[in-house]
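Student: The sequence shown runs -17 to -1, 1 to 241 under mature numbering (1 follows the signal peptide of the UniProt record, and there is no 0).
Misleading hints may appear alongside valid ones.
Said to hold, decoys possible - Computed cross-link-like contacts, DSS-like style, restricted to lysine-lysine with a CA-CA straight-line distance of at most 25 Å:
1) K47 with K33
2) K202 with K158
3) K202 with K112
Said to hold, decoys possible - Computed beta-carbon distance windows for the label pairs:
4) E83 with D172: 50 to 58 Å
5) T130 with I38: 56 to 64 Å
6) K52 with I87: 15 to 23 Å
7) K33 with S169: 19 to 27 Å
8) Q166 with V69: 42 to 50 Å
9) D172 with V25: 45 to 53 Å
10) A72 with M34: 17 to 25 Å
11) G109 with T28: 52 to 60 Å
12) S90 with F167: 34 to 42 Å
13) E83 with F167: 42 to 50 Å
14) E67 with S90: 51 to 59 Å
15) T178 with T84: 47 to 55 Å
To be clear, the hints were calculated from the coordinates, so they are not data collected in a lab. As the structure is a computational prediction, the values presented were derived from the model and not from experiment. Backbone N, C-alpha and C define an ideal beta-carbon position, used for all residues, glycine too.
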Amino acid sequence: MKSIFKMSLLATIFSLAMGCQQEETEKVKTASVGASVIEEGVIFTTENDKMAYAIGTSLAQYLKVHLEKQEDIGLILNSDQVLEGVQDAFRGHSKLSSEETQAILQSLEQRIAQMVQTQSEEGSTGVVKAGHDFRSAFAKVQGVITTSSGLMYQVESLGEGERPTAEDTVIVHYKGTLTDGTQFDSSYDRNQAATFPLNQVIPGWVEGIQLMPVGSKFKFIIPPELAYGKNDTPAIPANSTLIFNVELLEIKSKPVKK
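Using the sequences and the hints, build the whole thing.
Tutor: Set out below in structure tokens:
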């Protein structure tokens, strides 16, 4: 259901952050033990030795995930130098001063942010074209209506109830997909209708739901400027055109008259 709500600035930052420690930690927690070769018959002298080894293993897994994540955006760092840096720090003989280390890490953070932005922009170009092509084709389908804002909709069945206002709370069933057919959300799959104040969702929904009498089923094609625009989410790429099949079940406190 969160896919229809407005994205906060904080959510945007978290979705783009490459150095988020929580995310790295979760990846380490879920790393498959089978991916590493485990030596059989190893006996630790003391329990403290075993604990110390476990700390080292956990640290190495964290660093490995971090390096692999950077490789995903095209930044290849020498793992041998990483290990050498760790060893030198433990020995108290670093080749870099604290000031140099801090400056380099800040530079690295800026470089990663720039690479992520570039990668996102390059990927967004294809998404924009796919959305434009899809909307152009859909506009030619019989019965499709395009509003002045660019919202497109098709009436699949028309109910006889009241139409909600932006201040109303509505109860709906819906399914959301990308233009390639990938489903990113569905209240049907959860077997639970969604309830929300209409003025707290994306602009395409605010406009579209107000066109629906209770009991109706509409198909909406929402351009990025009425959805999430340049914001990126794990399930929805930036500048995506979104497709929603929506069934308006009820305006809260205004049930369908039987």
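Student: Quick check: does the Cβ-Cβ distance between K33 and S169 fall within 19 to 27 Å?
Tutor: violated, 47 Å
Student: Hint says 51 to 59 Å; check whether the CB-CB distance for E67 and S90 agrees.
Tutor: violated, 19 Å
Student: Could you tell me whether the CB distance from A72 to M34 stays inside 17 to 25 Å?
Tutor: holds, 20 Å
Student: Regarding Q166 and V69, is the given constraint of 42 to 50 Å on their beta-carbon distance met?
Tutor: Hint holds: Cβ distance 44 Å, inside 42 to 50 Å.
Student: Kindly confirm whether 34 to 42 Å is satisfied by the beta carbon distance between S90 and F167.
Tutor: This hint holds: roughly 36 Å between Cβ atoms.
Student: Can you let me know if the beta-carbon spacing of G109 and T28 is within 52 to 60 Å?
Tutor: Between G109 and T28, where Cβ atoms are some 57 Å apart, the hint holds.
Student: Checking one constraint from the list: CA of K47 to CA of K33, max 25 Å. Satisfied?
Tutor: holds, 21 Å
Student: Between E83 and D172, does the C-beta distance stay in 50 to 58 Å?
Tutor: holds, 53 Å
Student: Can the suggested window of 42 to 50 Å be confirmed for the beta-carbon pair E83 and F167?
Tutor: For E83 and F167 the Cβ distance comes to about 44 Å; the hint holds.
Student: Decide if the proposed pair is consistent with the structure: K202 and K158, CA atoms, cutoff 25 Å inclusive.
Tutor: Cα-Cα ~10 Å, so holds.
Student: Could you check the hint for me, namely that D172 and V25 are 45 to 53 Å apart, CB to CB?
Tutor: holds, 47 Å
Student: Could you see if the CB distance from T130 to I38 stays within 56 to 64 Å?
Tutor: holds, 60 Å
Of the numbered hints listed earlier, those contradicted by the structure are 7 and 14.
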